[in-house]
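Colleague: Read off the chains here:
Number of protein chains: 4
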Amino acid sequence: MKEDMTKLTQNDRVAELLGIRLAAVDIGYSLAELTIRQDHLNGVGTLHGGIIFSLADYAFAVAVNSGGVPTLAVNANISYFKPPRGPVVRAEAKVISSGRKVCCCEVEIRDDDGTPVAKFSGTGYRKTVPSKGE
Amino acid sequence: MKEDMTKLTQNDRVAELLGIRLAAVDIGYSLAELTIRQDHLNGVGTLHGGIIFSLADYAFAVAVNSGGVPTLAVNANISYFKPPRGPVVRAEAKVISSGRKVCCCEVEIRDDDGTPVAKFSGTGYRKTVPSKGE
Amino acid sequence: MKEDMTKLTQNDRVAELLGIRLAAVDIGYSLAELTIRQDHLNGVGTLHGGIIFSLADYAFAVAVNSGGVPTLAVNANISYFKPPRGPVVRAEAKVISSGRKVCCCEVEIRDDDGTPVAKFSGTGYRKTVPSKGE
Amino acid sequence: MKEDMTKLTQNDRVAELLGIRLAAVDIGYSLAELTIRQDHLNGVGTLHGGIIFSLADYAFAVAVNSGGVPTLAVNANISYFKPPRGPVVRAEAKVISSGRKVCCCEVEIRDDDGTPVAKFSGTGYRKTVPSKGE
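Residue numbers (my numbering), protein chains in the order written: chain G, 1 to 134; chain U, 1001 to 1134; chain W, 2001 to 2134; chain Z, 3001 to 3134.
Next comes chain G alone, as it looks inside the complex (with noise of 0.2 Å):
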């Protein structure tokens, strides 16, 4: 599992470009993070909404896939709370379904006191089968 992880995250050019690190990985599982730099920012000098749902976009992919089977979002909703305070932003994804085609995993993104930030959930669906039927 872990050398896949280290391929598919290798090969992840956007998260290269915006800052974003691995930090914890496990079936079904994963922690991600973000260092806020300035270039992170919108119009109003918080950090951009795309940027929120691009760090919890890759947590989900990680977590999703992090089983051997390809999986894809093909569903995604994003509920944004409030800004966050301190240099850094986490987003800890758990896949709190899964079944033969199609699972669910929830991202919490919170800041560096913890406060949550923004809630994701995104609908995976599995190009092929999982091995032992599940």
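Hints were generated in silico from the structure; no laboratory data involved.
Heads up, some of the hints might be wrong.
As the list claims (entries may be wrong) - As a list, the in silico DSS-like pairs of lysine-lysine whose alpha-carbon atoms are at most 25 Å apart: (1) W/Lys-2082 with Z/Lys-3082; (2) U/Lys-1082 with W/Lys-2082; (3) W/Lys-2082 with U/Lys-1101; (4) W/Lys-2101 with U/Lys-1082; (5) G/Lys-127 with W/Lys-2101; (6) W/Lys-2101 with U/Lys-1094; (7) U/Lys-1082 with G/Lys-127; (8) W/Lys-2127 with G/Lys-127; (9) G/Lys-94 with Z/Lys-3094; (10) G/Lys-101 with W/Lys-2127; (11) G/Lys-82 with Z/Lys-3127; (12) U/Lys-1127 with W/Lys-2094; (13) G/Lys-82 with Z/Lys-3094; (14) Z/Lys-3082 with W/Lys-2127; (15) G/Lys-82 with U/Lys-1101; (16) U/Lys-1101 with Z/Lys-3101; (17) Z/Lys-3082 with U/Lys-1127; (18) G/Lys-101 with U/Lys-1082; (19) G/Lys-82 with Z/Lys-3101; (20) Z/Lys-3127 with U/Lys-1127; (21) Z/Lys-3082 with W/Lys-2101.
Let chain G serve as the given structure and place chains U, W and Z on it in line with the hints.
Modeller: Chains U, W and Z in isolation, oriented as in the chain G frame:
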């Protein structure tokens, strides 16, 4: 309106980072576009979901703010259909419902052939009340 | 197609319970309607969000199944705009993207005046593959 | 608070029509349940998506209104995992973010075995400002 928009878009460092361009703007409407670069690709070599979302989110922000009332996204939903073909992706945003405090704006993302790539729907919250009561 | 749809709609006890009627159906399309009753209202006297959703969900189900491939909703998103005026509410469903295993269908809910009441977007998963590969 | 809730739930004719019961309520929290009836089933004999949504929406409404500030749903997202087993379905709602004008509330829907059936996330808009500024 145009001056506000120019200011808002000039201050958007993320649009600059990602190479997003504003092609058209009107009240409750915008068209944004992106020329796909190598560092926009995900681990499997197609345009990253976070980049597609960021392009749509930018078009949303311009459209919902184009009337002059500061408006924030509180929720966004995106469905992904297929990877884009050709070098350019376009996002066309239209406000479909506009209340005193809450609005809804949809964004169609299409590739160079005009084929639908994704659909975005965002809920905006207006920080101040529109001057004409709407 | 019509026979399958008749069977599917005849077996839908919830549509019967709520008074939902199918007004039109075609491949990837449907129109459903509802005459508002007293027991469709919420605590503040307007049409219940769950009834609006159920009407839209019914239109979605007919539209995505009208091609003959059994299709289930895996995710749905609804935005509410304003309470309907007049006695009848209509939901018009259109499939906007149709892949081998996943499809997306949008539903516009309007009141008797044609004013938008809500917008629904659903992701469907096809239990079998369409015979013509699409 | 309890009186307001009793009034709100007593006036909810849809809950009565569908057989939804309120099992517990607290500030920012509720638990609702439903005993599955024949007329809750869809064309393929499982609990109708619109009924699951309505149960979750009811739990959402009670939880977001339990603090005494009138709050409306402006957006809701639901992911369906699997049909419920056993005669009873429960929806547990928790407000996860509460701002002055906007809140977010998640609802977990589980069957009699405690197996997740669906997950609902709603965005609420407060019609008046909370008395204590939050």
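Colleague: Verify the proposed pairing of U/Lys-1127 with W/Lys-2094, using a straight-line Cα cut of 25 Å.
Modeller: violated (34 Å)
Colleague: Would you mind confirming whether the straight-line C-alpha gap from W/Lys-2101 to U/Lys-1094 stays at or under 25 Å?
Modeller: violated (29 Å)
Colleague: Run the distance test for G/Lys-127 versus W/Lys-2101: straight-line Cα separation, threshold 25 Å.
Modeller: holds (10 Å)
Colleague: Verify the proposed pairing of W/Lys-2082 with Z/Lys-3082, using a straight-line Cα cut of 25 Å.
Modeller: violated (32 Å)
Colleague: Assess, step by step, whether the Cα of U/Lys-1082 is no farther than 25 Å from the Cα of W/Lys-2082, and give holds or violated.
Modeller: This hinted pair is violated, its Cα atoms lying about 33 Å apart.
Colleague: Would you mind confirming whether the straight-line C-alpha gap from Z/Lys-3082 to W/Lys-2101 stays at or under 25 Å?
Modeller: holds (17 Å)
Colleague: Under the criterion that the straight-line Cα-Cα distance not exceed 25 Å, is the pair G/Lys-82, Z/Lys-3101 satisfied?
Modeller: Status holds; Cα separation ~12 Å.
Colleague: Taking 25 Å as the top limit, are the C-alpha atoms of Z/Lys-3082 and U/Lys-1127 close enough?
Modeller: violated (40 Å)
Colleague: For the pair we were handed, W/Lys-2101 and U/Lys-1082, check the Cα-Cα distance against 25 Å.
Modeller: Distance of about 12 Å is within 25 Å: holds.
Colleague: Taking 25 Å as the top limit, are the C-alpha atoms of Z/Lys-3082 and W/Lys-2127 close enough?
Modeller: holds (13 Å)
Colleague: What's the verdict on G/Lys-101 and W/Lys-2127, does the C-alpha distance respect the 25 Å limit or exceed it?
Modeller: Distance of about 10 Å is within 25 Å: holds.
Colleague: Checking one constraint from the list: CA of G/Lys-82 to CA of U/Lys-1101, max 25 Å. Satisfied?
Modeller: holds (17 Å)
The structure fails hints 1, 2, 6, 12, 17 (numbered hints given earlier, in ascending order).
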